[in-house]
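There are 2 protein chains.
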Amino acid sequence: MKQIKIGLIGFGTIGSAVYSNLKKNSSILSANLGAKVILKSLCDRDRSVFKGFKINKKLIKKNAYEIIDDPEIDIVIELIGGIKPAKDFILKSLKNKKYVITANKALLSVDKKEIFNVARDNGVAVFFEASVLAGVPIIKVLRESLIANSVRSIKGIINGTSNYILSAMHDKGINFKVALKEAQEKGYAERNYSLDVDGHDSAHKLAILSSLAFNCDIKPNNIYVEGISNISHYDVEFAKEFGYCIKLLAVAKDHKDSIEVRVQPALLPVRHILSNVNEAYNAVYLKSDLARDIFLYGQGAGGSSTSSGVLSDVADAAGCILDKGSLKAYQVNAFSHSKRKIRPASQIESSYYVRFMAVDTPGVLAKISGILAKHKVSIASVMQKSRDRVKAVPIIMLTHQVKESDLNNAINEIDKQKIIMSRSVVIKMEKEG
Amino acid sequence: MKQIKIGLIGFGTIGSAVYSNLKKNSSILSANLGAKVILKSLCDRDRSVFKGFKINKKLIKKNAYEIIDDPEIDIVIELIGGIKPAKDFILKSLKNKKYVITANKALLSVDKKEIFNVARDNGVAVFFEASVLAGVPIIKVLRESLIANSVRSIKGIINGTSNYILSAMHDKGINFKVALKEAQEKGYAERNYSLDVDGHDSAHKLAILSSLAFNCDIKPNNIYVEGISNISHYDVEFAKEFGYCIKLLAVAKDHKDSIEVRVQPALLPVRHILSNVNEAYNAVYLKSDLARDIFLYGQGAGGSSTSSGVLSDVADAAGCILDKGSLKAYQVNAFSHSKRKIRPASQIESSYYVRFMAVDTPGVLAKISGILAKHKVSIASVMQKSRDRVKAVPIIMLTHQVKESDLNNAINEIDKQKIIMSRSVVIKMEKEG
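Protein chains in written order, with the numbering used here: chain W, 954 to 1386; chain S, 954 to 1386.
It does not matter which identical chain is used: a pair holds within one copy or between any two.
Calculated cross-link-like contacts (lysine-lysine; reagent style DSSO-like; alpha-carbon spacing at most 27 angstroms):
1. Lys1206 / Lys976
2. Lys1240 / Lys1139
3. Lys1193 / Lys1125
4. Lys1292 / Lys1209
5. Lys1066 / Lys1172
6. Lys1277 / Lys1050
To be clear, the hints were calculated from the coordinates, so they are not data collected in a lab.
All values derive from a computational prediction rather than experimental measurement.
Build the full structure now, drawing on both the sequences and the hints.
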């Protein structure tokens, strides 16, 4: 049986899971692949991480370049994350004609085009299934299963931390801070949670998915991003009463003349299949011209699921090596296509949920609705409830389809009124499908 | 650019969709593949099917063997369905060293091992993504994305017709016959609907999925099959009151010592993600050791979605040809592995929903529950409602975990009692996950 030799850089949660699971399921992988995958060497900046694993000491290298420059290594797996030195490791590995596997979404979201160009120039390829949704095979589905499709849209819940928080707020009626604490206690949120709840982790992943789907190079700074930290338990509760739940959605749509790419909280009808993605689960809903609807769901994070994605990449890279370096066009040409125009958020039309916090005096509703009408914002439903013994009363309105810029102008004018107690909250409503 | 020449046998709903969509998305496919796919010839027993399509007459062959025996053809696509002559066409194509693509679940469910052996002996491969769930890539995910996983279980809603009927009964409170008629009117049920509602179409698909997942050769007659035609609107309604919906589930589980494979109606908690698979949609929930949960959902039937699956197979087969006939082990060795024992349905333990139709007299409940207790069947909930002015009263019981054989013995004894007006209905309850 032929042998494929791999080197592993980074031995944290994911790296150690790749090590353990490759060992555990080695016979499954080699039977399915028709070749034996040998872990030849590994390294981590922190040598203490190897404690507790029975690893032959000869395999552990002091320096990543002992792996990258080893002529016997066929595949380098980069699992240290971040930009530096990960990018240097990847580029040098490619220049040494090694296949690279990475789960580094922060790096790929920005530098994917450069990295893929270097791979192509050196006759090798980069695999990155685990960079988005861990072991849920969204990259393979986009590249291979939809190979003859024109992708129309992507809608996803692609950050487990924020989904855990919003699910807990919805199910238990708790507020953001309590839900965040719970997520931290259960290990779903890191101490530094801002990348997750501010939407930037979702934007990294959406940059990769939308670039693949639409054959272009969308970067995180092309994406309109809003986080969930302003969502109050009021909003979750009112949304529920209207038959909706609030999710942090990553959305990309091809409008032909331009591409819409955004990460923001949204109201989804409770019967929508994305509304049933709870706790730390992730999911992506794809629409394309031939396959129509495809929905993928699973554990989009964690060592075990991510190691499954990394090992499927190992099989694909090994396949290329066994085929004597034969590469498919989709493995080589990703992200190199023509530039696409990004549609400004202000031009996007949608319905919206709006919560005003107003003083409880006569004429308030007339004032608010008058200003909305002036800005061509038409109202579909209104709900007003005296909930507390405080002066501020929440007034909830669901609008009809409106241009975001018109709504923003109206809200800005309303928020200047004396009757308004605090900044109004606006959340997009996502249509069915 | 290299050329791959294909021949298409069968020009019905799916064949014509493959033709039209290959034409429409030809440039997308060739850009992603790095080769041009040329439809060199096609045929159908019924020449009238080509009317309305602008096809160069030279491409249309009178006889399938003009395609199968054409040395220029690289890939033969079989889309006529059924066993004869499809099997002969496929075997002869393989013996002529052509790659074969088929969506023929009835044939593969029975003869997959023989067909794959002939392919292997001739150094080619058979691709069959569209045989299960059309364009939803369940075959690719099982073979490639989970290549390093040990699959634990498969739960699926894999027949659109029966799912449409059950969804309509649930949502609209209509009975089976009315729902079936609606499904026929909307084109979701054929005039001959028995294969769909009796569970046999699901069993064909489950035979393929479970054989792939567990590396063995499970045939439809290894699978315990129950259809949905005995499900009454009573059952749908009572299930709903208990917080469940009824779905026709295909289930395969690896119990190490044996494999459980069955198709039967089941009660699912309404919050289960499979409960949100409505109308003619299909879905499969996979559990495996590394990736854990993966859920795939989409349009599991119809020309458009099926053509997407066929064209992804074209790309994969073309990939092998471009790699000069290099095949992965999983493309060659499927279904050839060791025999596995099938667990008899009577040994499966579960909770059950039972509906008795009894006369409305005192002592009925005592009689029924006495017999259940004698057979060690323990009751979790009871519901009794006088619904009609007829004598028969439905008594609903949800049991605790019980062996199916014990429950069946109890039901047989109960159904012999004079107080029982008609045969009792037993439906399995599916646990969360």
